[in-house]
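The letter at position 39 of the sequence shown is residue 39 when you use full-length UniProt numbering, and the numbering goes up by one with no holes.
Treat the hints with care, as some may be off.
[Said to hold, decoys possible] Pairwise CB distance ranges (calculated): (1) V109 to M146: 11 to 21 Å; (2) R257 to M146: 25 to 35 Å; (3) A177 to S145: 14 to 24 Å; (4) S131 to D238: 34 to 44 Å; (5) K100 to E58: 46 to 56 Å; (6) R122 to R143: 19 to 29 Å; (7) D54 to F130: 33 to 43 Å; (8) A177 to M19: 25 to 35 Å; (9) D128 to L70: 33 to 43 Å.
Hints in this document: simulated from the structure, not taken from any laboratory. Computed from a predicted model, the values in this text were never measured in an experiment. Glycine residues also receive a C-beta, built at the ideal position from the N, C-alpha and C atoms.
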Amino acid sequence: MGDSSRSMRLTVLGSGSAMAVPDRAQTGLLLETGNRALLVDCGSGVLGRLAGTDVGYEGVGTVLLTHHHLDHVSDLLALLKARWLADEDHLEVLGPPGTKSLLDGLLDVHDYLDGRVDLGVREVTAGDEFSAGGFDVTATETRHSMPGHAYRFAPTDSAVTARNGPVAFSGDTEAFAGVARFADGATVLLHDCSFTDDVDDETGNHPTPTRLGETLADVDVGRLYLTHLYPQTRGHEDEMTAAVAAAGFDGAVETARDGLRLDVPVEAAGDAAGGTDGDADGDANGSSK
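Given these sequences and hints, build the entire structure.
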């Protein structure tokens with residue numbers, strides 16, 4: 001991935017929702033730094049997308065969950081089984097309180113997988129700062145139909161703390177000031193924006209573009225990617241990004257897509273203080289331009 005001391009790589013494995021469509025797997029992000037990798041959420045279709053990367057499921061020993069809805073965890077045991085069959089001997093899963101119960105319940109049903117790999121589980125709470133898969137991470141609470149976290153990330157060997165990390169991910173949440181403040185200063189923010197504005201009354205705990213743009217109006221984010229996209233958004237991507245901007249967000253805004261790959265600049269350890277330096281750059285396989 002180039003100079004690992006100067007960038008981290010983000011790949012969108014799944015930008016979709018609980019309603020399957022051919023071109024969008026359910027939620028999953030792959031973060032890389034040096035030779036380390038962290039998978040964030042593991043919804044249906046994510047394992048296949050992961051297998052198509054240079055990292056593969058063999059290279060992912062740590063998974064971080066935003067929350068426990070099925071479209072964020074349904075490939076989790078499939079990942080465990082794939083790693084077992086590939087002779088990988090461990091998997092660590094982190095997530096909000098209840099993550100251990102989730103894994104215990106899944107393994108009760110699929111008990112032949114119990115003990116096949118060394119499975120570690122860590123539960124994290126809002127406000128925690130912790131390390132996972134080569135990254136320092138901090139968590140904040142979201143507003144959704146079940147408890148969950150948004151996260152912010154910085155490579156462990158960088159000069160940047162997690163609280164000032166270049167990448168933030170909202171998970172599933174309403175648009176509200178808490179997550180907006182949490183993401184302030186990020187180079188890249190991936191935020192739930194599940195529907196277009198005309199279904200606002202039906203969205204409940206997912207934001208629409210105008211609401212998201214209003215909430216992020218006073219936030220300094222270099223580039224915003226709309227994700228967790230329901231089928232209803234198909235063909236409306238340009239109007240969604242325009243609505244976010246019209247509502248007050250003044251950074252760059254795009255809709256995420258499966259396969260999007262970004263190399264995000266990070267200040268290397270030993271450099272002068274000052275956070276990230278520059279904008280996120282995409283490549284030919286998933287350009288952000």
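Verification of the hints:
1. V109 to M146: 11 to 21 Å: Distance hint for V109, M146 holds at roughly 20 Å.
2. R257 to M146: 25 to 35 Å: Roughly 26 Å apart at Cβ, these two residues keep to the hinted range, so it holds.
3. A177 to S145: 14 to 24 Å: Hint holds: Cβ distance 20 Å, inside 14 to 24 Å.
4. S131 to D238: 34 to 44 Å: Holds, since S131 and D238 (Cβ atoms, about 39 Å apart) stay within the stated range.
5. K100 to E58: 46 to 56 Å: violated, 25 Å
6. R122 to R143: 19 to 29 Å: holds, 24 Å
7. D54 to F130: 33 to 43 Å: violated, 26 Å
8. A177 to M19: 25 to 35 Å: Holds, since A177 and M19 (Cβ atoms, about 29 Å apart) stay within the stated range.
9. D128 to L70: 33 to 43 Å: Violated, since D128 and L70 (Cβ atoms, about 25 Å apart) do not stay within the stated range.
In this structure, the earlier hints numbered 5, 7, 9 are contradicted, and the remaining ones agree with it.
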